[in-house]
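Trainee: Chain by chain, the residues:
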Amino acid sequence: MAYSLIPEEVLEHVFSFLSSDRDRNSVSSVCKSWYEIERWCRRRIFIGNCYSVSAEMVTRRFPEVREVEIKGKPHFADFNLVPEGWGGYVKPWIRVMSGAYPLLEEMKLKRMVVTDECLDLISRSFNNFKVLVLTSCEGFTTHGLASIAANCRNLRELDLRESEVEDLSGHWLSHFPDNCTSLVSLNISCLGSEVSFSALERLVTRCPNLRTLRLNRAVPLDKLPNLLQRAPQLVELGTGACSAEIRSDIFSNLTEAFLACKKLRALSGFWDVVPAYLPAMYPVCSGITSLNLSYAIVQSPDLGKLVSQCINLQRLWVLDYIEDTGLEALSLSCKDLQELRVFPSDPFGAEPNVSLTEKGLVSVSEGCPKLQSVLYFCHQMSNAALITIAKNRPNLIRFRLCIIEPHAPDYLTLGPLDTGFGAIVENCKELRRLSLSGLLTDRVFEYIGTHAKKLEMLSIAFAGDSDLGLHHVLSGCESLRKLEIRDCPFGDKALLANAAKLETMRSLWMSSCSVSFGACKLLGKKLPGLNVEVIDERGHPGSRPESCPVEKLYIYRTVGGQRVDTPDFVWTMEKEEEVLLTE
Amino acid sequence: MVDCVKKMGFEETELRLGLPNANYGKRGFSETVDLKLNLSSAEIGLDSAIDLKENNFNKEKNLLPSSSPTDSVKPPAKAQVVGWPPVRSFRKNVMAVQKRTDSDEAEKGTGGAAFVKVSMDGAPYLRKVDLKMYKTYKELSDALGKMFSSFTIGKCDSQGMMDFMSESKLMDLLNSSDYVPTYEDKDGDWMLVGDVPWEMFVGSCKRLRIMKGTEAKGLAPKAMDKCKTRS
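Residue numbers (the UniProt record's numbering), protein chains in the order written: chain A, 1 to 583; chain B, 1 to 231.
Bound-form chain A, shown alone (with noise of 0.2 Å):
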């Protein structure tokens, strides 16, 4: 075979130019020797599903991993619909990579609990550390950050995107070393506490390669420009506080920081902000092409004067205060968006306490032609507008629609939506994702299961009527990895019926739905491949009948078995003996 005429260091070179996971498996499929080779050069590795594959079986197979992406709880404990207590710890990981991999660069982790100790673990375990990226994470504290900060010399990055910290004190950015220069990213903008200014000060001036900032909400925005000043390379700025007595001086320091800031991208942060002080950013909005309003509790017109600055805004998140009126404007001046969040302002009042509609989307989506992503909270919709925006945008990626009210209809028809999710997925063909709400009947899922063929993630929420709405989906959706429903009467039928397609999945959860026990047992007994736990906390689910429904369920494919961390509450389903797969 010509193959083995190919030296192994031209494939391991050859190799080293794939990046996506995909290509790599596929590459590995090939034939043993190059399964060898690419297990030894894989350096990269994404694991969607902490509880899918252990640490072990990775770390065996691939020796010599420098990046690490872990994620552990399903996406729906955002919304706090996952028990705390459920799991999620990264601390087996830590502890078999600190052995493993003492080269290891990066670790990014994704609703994990994360502890102290496991930070300490980290900031000892790889001397070559370098980025450490926690999103959503808990289960640590500002002295798991002083561990971080004060051994890992090599540090990049230390983001904590909307992390939960236990803010003890904010003496831990003192323990970055006089001499770690190192720093490019830094964001600590979810955390509670003031951290010593003087030392954050310093930090800034010694990292010359310094390209983002998010701070705090503890920052003044008085000493902002001390930083900035010291920081004019800057690319990404999360604002501190924003709001400050309206003094004059303030003003024009701010104003001159950020006209030495030629090379800002995005901004963020915006606590607390005082609308006079929003002019002060007006230099630097026409570079801006990424903004994070979605804390800011301004309105009109200084929302709108802000944002039609910027003339090359390609993703905006925003609060609902930014109203119909703003999105027509913003869809007027702002035609390379990409991507637009509109966050409730008042998520559980009782009326909308805003001006924003359907009409504000649909202005968008005529006005931006490449607006690719959309999440939208608002509190009415027609099919009607839906049919337009789908008409308007086909090439839509990722459609989030969240109508605040449960089984909301039409509002010109009061019908259900059905149709206008239906013209959504059909023209939209490239839809990776999408999330629905209002009045859904079973038919909406007929247009889901027919159209979406490139649908990867569905999210579900009081709908639908019957098991066969649940079928569409899952007979018809090909490319469905992620499907996560609520409050649907969604039972047995449909998934008994589907059961191979779970295999196929990343991962299904369903909460206060009809699934029955006894369909679990027998889901768990069938389905070797999978784990399907029941989560319920009404006691063991062997002490009621067997026809009643669980309280949540979680069904995710696993080469790992079960788990061993399972809290009192949750129940992996046994899997029959003959069929257990031994590693």
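If you're looking for bench data, these hints aren't it; they were derived computationally from the structure. Fair warning: there could be bad hints in the mix.
[As the list claims (entries may be wrong)] Rough simulated footprint, nothing fancy, chain A against chain B, three-plus residues with beta-carbon under 8 Å:
hint, segment
1, 89–96
2, 119–126
[What the hints assert, rightly or not] Just a sample of chain B residues kept apart from chain A, beta carbon distances all over 10 Å, derived:
hint, residue
3, 82
4, 185
5, 212
We put the beta carbon where it would ideally sit given N, CA and C, even for glycine.
Chain A is already provided as a structure; the job is to place chain B on it using the hints.
Mentor: This is chain B only, laid out in the frame that chain A set:
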């Protein structure tokens, strides 16, 4: 916990199960609590069975009055549902604090999230409440009471200070199988809820723990002394 369920009989639990579209999450827990503690709260237990669809437990604190059982099948607009709308806790926390400081200049914010963890002895999991959503101990007590149905707290007077009616009532409270709210303050000490003015409490409370009355005896003397000096 499983034993308790068995002792109390499946019938009661079965009343509450198997309804489509009901919210099982936190309500499930309250049933367990009722069954466990609950000797005199059979009515509370049954009431929560009736309130099945409406009495949605949640971590958010805008508890609006729950609607009557005769309301329409779909969740009424004012009832709150766990995790809906799907807004992350981080965002909710930040918005709640910002809006409070925005709307009430006089209010001193603690600068951090107002959410504190609430644990209840015997409960399988914790909850969180946003203290800034309340103005008085009574409001907090009502909210916690809804969360943990057999929870009791003494009467509050108009200034919002705890005012135990009498020594004997307090002793009854502590001696009974009822629960007592305590909190950990900034110094790390565990205190009985209700001793200090509300604002001071919100500013110093780091977490709440609903203790079994029998275990709270060590805290009683402080409250008792206060009672005595006031009366």
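Trainee: Tell me the numbers of any earlier hints that the structure contravenes, in ascending order.
Mentor: Result: hint 3 breaks, nothing else.
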